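**Student:** The chain contents come next:
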Amino acid sequence: MPDNNPKSVLSHLRYAYHFDATAYAAFLRKYAQQRGVMRIEGKIENVLTHQDSGNIQSVTLENGQSIDADFFFDCSGFKALLLEKTLGVKFTDWSHWLPCNRAQAVASERTEPLLPFTISTAKTAGWQWRIPTQHRTGNGHIYCRDFMSDDEANQILLKGLDAKPLGDARTIDFQTGCREHFWFKNCIGLGLSSGFLEPLESTSIFLIQQGIVRFISLYPDGQLSNVLQNEYNRLMSREFSQVRDFIILHYHATQRDDSPFWNYCRNMSIPHSLQHKIDLFRAGGRVFRDDQELFSKPSWIAVMLGQHIVPEVYDPILSDIPKSDIQRSLDSMNIAMKQAVSRLPSHAEFINKYANGVRT
Amino acid sequence: MNHNNIKNVVIVGGGTAGWMVAAALSKSLGSQHISIRLVESEAIGTVGVGEATIPHIKYFNRLAGIDENEFLRNTSATFKLGIEFVNWRNIGDSYVHPFGPYGIDMQGVHFHHTWLRQKQKGTAKPVDEFSLPGLAAKAGKFQHPRPDLKSSPMATMDYAYQFDAALYGQLMRKVAQERGVKRTEGKIVKVKQNTENQNIESIELENGALISGDLFIDCSGFKGLLIEQTLKTGYEDWSHYLPCDRAVTRLSERLEELPPYTRATAKEAGWQWRIPLQSRTGNGYVYSSQFLSDDEALASLNKDLDTPAIAEAKLLRFKTGIRKKTWNKNVVAIGLAAGFLEPLESTSIHLIQSAIARLMTNWPDKSFNQPDIDYFNRKTQTEYEQVRDFLILHYCATKRNDSPFWDYCRTMDIPKSLEERIAIYKENARLYREDLELFSSVSWFAVFNGQNIEPKRYHPLADILDDEKLEIRMAELLRATKRCVEVMPSHEQYLKDLCASK
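Chains as they are written, first to last, in this note's numbering: chain Z, 6 to 365; chain L, -1 to 500.
For the record, the hints were derived by calculation from the structure and aren't laboratory data. Owing to the predicted nature of the structure, the values given are computational and were not obtained by experimental measurement. For each residue, glycine too, the CB sits at the ideal point set by N, CA and C. Be aware that one or more of the hints could be misleading.
[Stated by the list, open to error] Here are a few chain Z residues that sit away from chain L, every Cβ distance over 12 Å (derived from the structure):
#1 Met43
#2 Ile210
#3 Gln280
#4 Ala288
#5 Gly289
#6 Asp296
[To be verified] Here are the in silico distance ranges between beta carbons for each label pair:
#7 Z:Gln180 to L:Asn195: 40 to 48 Å
#8 L:His142 to Z:Leu120: 34 to 42 Å
#9 L:Lys312 to Z:Arg243: 42 to 50 Å
The whole structure should be built from the sequences, with the hints applied where relevant.
**Tutor:** Here it is as structure tokens:
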């Protein structure tokens, strides 16, 4: 755990989680129901809209039950039952920047040691994730079917496992992009119904969370003012574009030329906003965080340097400091961090003590 | 090592901006590997606006290594807890824009939502009574904040200063010269540019002396000697939004009990400031020449002085707006050379300070990397626009219809950015702070509410507390805030003791 003492290097530690999303949803369901959320089982057959306003009035289930509401959240996934099928909100396609459009996912047995980080391995026409949880390891191969067949993708996935698969792989089709409106009429799309960005930087749940937080802060009344709706849409589309740029960086700033897929990524045109960020970094090592952007300076630096974008010069402000002084302070940071790491328990030991979820 | 490093910095102009730049650069860059020279002419006066400041000035003084007591004594400074706006929404009305929050946030929503709920119920006290800096200002009291008193309003109050800008400039000059900044006296008569890239290579003084540099900081004031007269950068005019274009200023005698706040009184065709210093009071009538003659303005200024005048009046002409690029080639314009926004919210010195910080962050080498310059310009533009919008709000959200000037302000077109912000606040009282915007949501609320913009509703989360508890908690807050004011010493006495110490 991070240390509260600001003098300790451990105070800079930040962490997130790897978890089983199905179990998380079940956990949240219980939490919500305890607080009075009512759950109705049923398949939606029909959606009724108001003639004048075009707002959604009710949804009708297979069994004929009709459910009225003032406001609807569309969490129906890729198909966007309300936002697209009913309200006709269009999708902005970003697959020219992020061409992957299919994934095959399979769980495998837990391996030791239990790693406290995700591994993402670039492959011939995409990349493969490895997400270790307490019970099992999640794996998935994301690829572009224009450059690779499903069979080949499946072989690559299985070959890349480090333990026995638990069942057959599931195939998921997707298209990268987002809705033209995230909030339209009396409906907000959250999750996959609002857009899709591949999980290369693990942002899917974060984008849901941002949608919720913004909705709460803008909370409309029955009149559903356009002002609030426009503001929500402005903030969410900025959020999506910023994450999009960060993901594109991983693909575009590559030296790989071993497959048509990578040749495409290396040579494709990129959004102006990203080009500007790369130029600033390449010229003088400068990174700025735009408007409440999700990814911080260290994140951008990690990927820029990781992808071998090396600044031509460092900040000239440092040029008056003797090199030996700089070396000394870098060395002492490095030593402090190494020492701190050597005193930490292993990830598996920590979990065992702190929150063991493996039922034996 | 890096032969491309900037070795020679030339600052043109020795007003408040020039010497602040000199002090900050010499402190951060040292003078071992870099030469910093400031060129100024005693024959050219300085404007010295910006006697009132906002709390960020404390960071700058810390960066420059200035002790607060030394600063207070040397610049005739007083403490400032906010600005009182008189006659802005209507004649006879007044409100304070305080430095520090109102009340405390409850139920996860900003305090103003809770207050608005009480207001809708009809039980609310004026919001100024929930602000410690606001109340203390009007009571003439001051002491330093007490961050150690965790749940007390004393912990979250903030403050700035009112000071003599000319003396502040001298203090900066002393700091800068002690750190090796060289000062050259002389009037610039010629500027030499590189024939290929048009960068400035050198400036020539009346006496024939030639001063060359790698980087030039233009602090020459309104005229923009390098940025405009030489580089023809161009100016974006904002006077349709902020029509005041002149100020007539006059010093008057010291106020007897020094108020720890600035007063801005709306008048027939503009507004008048009153800035109390230890030695004297600064006054000025900012007005629009389209609506008022210079003679009328001067007569009106004189009539509204609280103390007898002690100097002749001075007339200042300006045009509100911003240089199209505040960094162009190897010239960075800072202060009035970069742009002008009237001192209604005391932002002039802050804009200097902020430009210095941005320049340090984007410190160039001789290749003058264009993406860095573009970034600097974009951020400067955004910052000026955000302050501009905040200033416009004071004018456009008025009910005054007693003069053609106010009729114009009430009905003029306003920027879309501001229009949206007002619309959102009117809808559900939501405030937001864009990016690293200077003014916080508390400041926006102070002015929205002060100018009587009524939101339709407040955040539903403010309804969670039941009525009885709400009344109890709000009454407790009022009591706690009042008690703090009671125990505070008078500003006059506090300042006297502080300046006498050391």
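**Student:** Taking the numbered hints from earlier one at a time, note which ones the structure violates and give those numbers from smallest to largest.
**Tutor:** 3, 4, 5, 6 and 8
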